[in-house]
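J.: Read off the chains here:
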Amino acid sequence: MNLENFELIYKENRVKIKDKAKIKSKLGEIVGNENVSDKEIDILAYNKDTTLITLNWTLEGKIAALPDFIVWPETPEQISSILRLANEEKIPVIPFSEGSGVVGGAIPIYGGIILDMKKFNKILEINDKDLTVTCEAGINGMNLERYLNAKGYTGGHIPQSLYTSSVGGWIAHRAAGQFSSKYGKIEDIVMGMELVLPQGDIIKFKTIARASTGPQLDKLFIGNEGTLGIVTKATLKIWPYPEKRALISYAFPTFEDSLEATRQILRQQIYPAVIRIYDADETNRHFGHIEKAKDKVMVVFVCEGIERLVDLEETITRETCEKNNGIYCGEAPVEHWFETRFKVTETSSTPTFKIVADTIEIGFLWDKAADMYHSVIEATKKIQGVMMMTAHVSHFYPNGVGFYFTFAGIPPKEKTDFEFYQEVWNCVVKTVLDMGGTISHHHGIGLNRAQWMPVEWGKSFDTLKSIKKLLDPNNILNPGKVYESAWKEGGRN
Amino acid sequence: MSDILDKYKWMGPIIQKMDRDIKRIFMKNFRMRDKNFFPEGDYKADVKNLVNCMLCPNMCRFDCGTLQAANSETMSPAYKARIGYYLTIGKIDPLDPSNKEFIDLMYKCSNEESCKVWCPFEFSVVSLLETVRDDLNDKGVMPDYCKEQIKKLKKTNTIEDHNIYETYKEKGIENIETDGKDDVYYYIGCESMKFPEVVKANIEILKKAGVKFSTNLEKKVCCGGPAFNIRDLKIAKELANKNKELIENTGAKVVVSDCPGCIETLSTRYQKAGIEIDVKFIHIVQYIKDLIDNGKINFEREIPSEYKKVAIHDPCLLARNLNDTESIRAILNKVPGIEIIEPIYNKQYTHCCGWSGTVHWAEKNIAIKEATNRINELKETGASVFISACPECELGLAYGISENDKEKIKIIDVSELLMKVI
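Chains A and B, in that order, give the protein sequences. Every number in the working numbering is 1 more than the matching position in the first sequence, counting from 1. Every number in the working numbering is 133 more than the matching position in the second sequence, counting from 1.
Isolated chain B (complex conformation) (with noise of 0.2 Å):
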């Protein structure tokens, strides 16, 4: 209440000089705002925000990828926190099968985060809409696309249908059992297991730069990123309390991974559950940045030809959650020869490939479309090779390449790169 008072301070003399009835009338609207509009109920939906979402005249929906992917007013913002907020009163009964397409709108969203930049309000609507989930779990009207994911972390304890860290062996990638002395845990993504030649060239980064590291893939499992989006908390803590024991057993105080959102979810979703590790996390980038600041990679090959011209993709988890857009830019720019173009919209304005959030199971096409925007964004910089530090970013871009362009474009990682020229 409050901030309120505070924020509406001015009004003072206003209410002050209103005359009696109209202020009688006002003065029960304040009172009565909460039962109004805000009822107490059995919900976790963060009501308010929904409310301060769906009125706004949807000031971020130019930056919105999902409507800027379906070119539809059913996917703004705006409407989709209208519709979380029906849901959350009873005005759409989400039990109500006939109003499934409205529960799914709750999901389509690819967490990118650009909303929270344009935000009067400075939150994120995805972070409006897992409150609207929330809800919608208890109930029990998960949608089934999310509760095939759920099945898969609880049988393989990774977002696949088998224990895609089972497959190293097959995938030429070395593990390193840790001795519980290590000064580094490699924290590899499941879907970086998608991209075993990124997973190769940060381990013999690693190695080359004597650091001394464990990767433990016999005992990987998920770090509940996708539990968390979906908001199922049970399983996401199971594999959290898993991730400590892995983490800490390491004795490593520093965990690096090859995924953003892994390092997201590791410490800031972590946190909010209640999960502490005492470690620094941070993405292999920034360590790789350092690593090379410190001398501990020397540049000793010349860059080959196709890849002297590159565009920067910043994955939107490492540049608006993790806030880092300078290590890739650091790293790039210590190649020799290396001529770098950056996209326009860059940085923490960088555009998402689609495959962030919950949208690629919920409408895959609409997750496609954005993934097509962005590579046509990259490609408007006029290289063919386009950087980034996501196995997501580099899943989602892939579906965004046509035909055409599969044998001209080249979606790698930072690692990669640097494994030509070091």
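Chain A with its partners taken away, still in its complex shape (with noise of 0.2 Å):
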């Protein structure tokens, strides 16, 4: 085979790299031949994540980006190793684990060394008195709670990509569960790290529940997407496996009073597992059996753990949603969204019509949540070509919401596929900014989102950017990413 049956959309600025072989000899020398490859069949698998727009490449054939090598380590040391020689060839390095980000995070756009974590997949410890379990970082999320599961236990982190996702990718990414309104996000269930810094040093930070020992070090390296460090070993909090769990759903005919019913129950410090509200489309889309739920707004919630708790969670999240014109529709649309929730087929279906999709999730505080939300559909609706754009509301905190929208169009005839998704991403976005939101709750920044790193951030952006420099100075460790806008440069525009 040869790669050229292929189009290479990022096919610019990639590094050159004079000895290959001598290149592959030394990573073999670190992990063994073994573990090392530069074979067509395996730098094709590794191309892409799942970043929705690659899929679509992926049935036309196109190739997001080729890696030159693939290194699969067992040890921090190794890893530690790799760094050192990939600083002195000034070669890139991606980490990579699973493969699930959707914002292009892991595309080795300048090709380099795909450094693969999967094979840093033990559970090494829970400890049921502090209540955390310490496992390395490249563990599949479903194959980590399963083991949680079976001893009694729940990690708590159950996002819609558990069965494709790994702890360490959870960490890069700053991620979020569908349970987080109970258990957190993953910084709030991180309690101490091993990573391996850009040029080869080993760092631990130890496990404690709470320290007053300077600066939250460990917190710069939750979120940072592969470019400051590869998290090796975490531990995290668990708890035990709940008791019991009600499940609750009530239809609401508006979307502002679902938000208020949520933010009423969130404000009487009842924290249910799950809560998603769907708005009318996306009820009728999901939830289009249930008769009571037509055209209104659909809201599912999951209360877990003692029973006491659980049943008191349960009266005072179903009274006020009464008092704020639900309708209750029993645990059946729960149910519904338990066996659907990994039902994902979406993502094969919509590129065989040439149809450009995408899901942005952005973050928002309660007192501009509704006419963040309005404001976000009535700018997209505009956009020709959009045929549909929606959300639901799926993290929630006492002060804020994480909002999930979902669109899909064909582009018109004088613009090209990544020129529609990009107008769309961009008018999303500019309307969050404007109205002080910030563009990801939890998907991250990655390739596609860097283009709007310096709004979101401001001024502080520049002090990031020096921790970059200072931590990655040959700038080695995933490049293009979260700090510099090559999504254009790259892209099909």
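Hints may contain errors.
Claimed, not checked - Below, a list of computed lysine-lysine pairs in the DSSO-like style, where the Cα atoms sit at most 27 Å apart:
(1) Lys-327(B) - Lys-285(B)
(2) Lys-539(B) - Lys-382(A)
(3) Lys-27(A) - Lys-40(A)
(4) Lys-249(B) - Lys-152(A)
(5) Lys-480(B) - Lys-344(A)
(6) Lys-156(B) - Lys-383(A)
(7) Lys-293(A) - Lys-324(A)
(8) Lys-25(A) - Lys-161(B)
(9) Lys-152(A) - Lys-543(B)
(10) Lys-442(B) - Lys-152(A)
(11) Lys-249(B) - Lys-25(A)
(12) Lys-181(B) - Lys-168(B)
(13) Lys-441(B) - Lys-302(B)
(14) Lys-161(B) - Lys-416(A)
(15) Lys-287(B) - Lys-327(B)
(16) Lys-375(B) - Lys-414(A)
Stated by the list, open to error - Estimated spans, in silico, between C-beta atoms of each pair:
(17) Lys-19(A) - Asn-509(B): 54 to 60 Å
(18) Ile-209(A) - Phe-432(B): 54 to 60 Å
(19) Trp-458(A) - Asn-509(B): 41 to 47 Å
Said to hold, decoys possible - Non-contacting residues of chain B with respect to chain A, defined by C-beta distances greater than 10 Å in every case (computed):
(20) Asp-152
(21) Asn-204
(22) His-295
(23) Glu-310
Quick caveat, the hints were computed from the structure, so don't treat them as lab data. Positions of the beta carbon are idealized from the N, C-alpha and C atoms, including for glycine.
From the two separate chains plus the hints, produce the assembled complex.
T.: In structure tokens, the structure reads:
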């Protein structure tokens, strides 16, 4: 085979490796020859992550980007040696584990070395008294959760990508699970870490409940997206497996009613593990079979924990929903959500209709949440080609919420897929930034959002870039992401 | 087309609201969908589901035995489907010898079908890969390791380079010829012949229960399972017809086998290939369970102390294809004094031994790693006796035992354990 049969999207600015055989040999000395590959069959497998537009490319026989080598290290020391070699040779290193990211964070746009973390897949210890699990960072989320469940615990971090993501990926992208209102986002769950810095130093943050020992440096690495360090091991909080689950659902006449009800629930310090508000379009799409919910706003709740607490949470949740015009829909919609939450089929069908689709999750404080939702929907629906722009609210805090927009459309004749895609994204991001929200709640920045980082961060972005330069002076670790706007340069615009 | 329209009914109002130009493009895309991405051609591959699989975010990846063994994205189900699609539409040329590794990937599956449990489309990846193998065979690019198996099947009627059934005498296995009036035919798998103690135990159990049965080892041939895996349907059907004659000549209305792969082949795969045999096919554990329930087998001895604590390894073919996870447990639960410890991944969520499909031919190291992973899961139970009901599992799991553990760990069949107490 020759990869020339495929159109390579990111073919400019690739790193030039003078003596590939020498580098391969040196990598082999570090990890063993069986753990290095430059075979076409392997480098093609690592050409992308799960960024939705790359699925359209895949169907059309296009390759997002190609790495030069794949390595599968097994120890932090090996990662350290790989990074030292990469610094000497000025070769990019892109950490990869399960490839479920949707912002292009693992796409090797300049080529280089994909550092696959899959062999860091061991569960090292459960400490029942401390309620912690220590594991290697490459472990698949579902395999960790299944293990914990079998031992009588839950990790509480259940993203829709649970089956397809890793602990390291969660930490790298500052992820959130669907049960986050009770258990928190990953930054609330991580208690300790071991990681390798870009120049090869191995550092550890000890496992502690809280401390007052200067700035909280470990937080710098939660959400670093493989640009400041590679997490090799983590200690996470765990909880006893819930004794009881209450499934509750309400249909509200308006989006505002649903937001108000959930805000009041949290204000009373009631934290259902799952809260999800679906706007009317999404309600019709996902709960079309529930007659009472037709054209309304469906909200599903899951309260879980010890029975007495769950009973109280259920009582207050139901009272508050009813006070805010909620119509009780029973357990069935929540059961339906449980049954379908991992049945992801749309990513397979939309590209075959040449539909350009994506999801955009953003964060907002309560005060402007409803206005922001309407503004985004109104603004994007004006874009020619947008067939669908809907949202659900997926993450809730006493002070704010995380929205999850989904768009799908057909580019008009005069626009490429990429131009259309970019126009929708620009519109959403501009609206969010103008109204004071944040451009990502839990997917991260990666490749496609980096262009808006200067506005998102303002002056403080210079500080972040200084830290990157200090830790990674040769810009070895995952270049083209977070700090620079490579999406436009490399994309098809 | 109607299923698509039904599935996307909610899109009706959206399409109505589209502006005219966009609607025109959308309708064109809809009409051209097949031509664009599922072009007509001289192939058997299930391209629509290959596309469904290759664009899926790999929702089954965590339970794919070969991926968990290889720890490489190359082994991920969606990537296998992607390569299958590219081989089908000619984006990767299967006739180019430099693409051999891409062809090999189509065989790197252990057929465990864990993927089907989690698949949003409810298919197994191997069911897709088999359709790609059909086309590879038609193009004459069947891998050499598959050709070798076919050669053995043709030469010896078994999956060995000699007719393994001929070894029954030297292994001390009794052959019971049929008189054409059997109640039961005990169908001994090729791989089972490598475990004569299991075969002898099954014969003994059937005898003790007073079952009228035969084994017909002089005429016995492979069920054709390996040929079905490789998709050489010609040799598979030849073997199927030989088996049909063999089984029908016994007069038995029930066929029991010690190998779940044989039962799956004799029943489901024969039926799909258009070969009907009017008998009931069941795995022998189910039959033995019924014999115990009906009082035909009694427990007369204490279980030896070294077998008191056991872990169950559910064979994936028995658990997921034949949907029987209860017979083994029902039998063991009746053994006085036994302690059964379940591994985390059990029953329909069991993990494979690595030896069920074609990966052990295509890349043996992955199959061995899969076996090692499973042994580690079984070891975590604290038991050192692992009970199974499949010769492939006994064969595969043995590869996963380290030198240090060889003296400590015993992998035995349910029937072998039963022989210690009846």
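J.: Of the hints given before, which are not true for this structure?
T.: 2, 8, 11, 13, 16, 17, 20, 21
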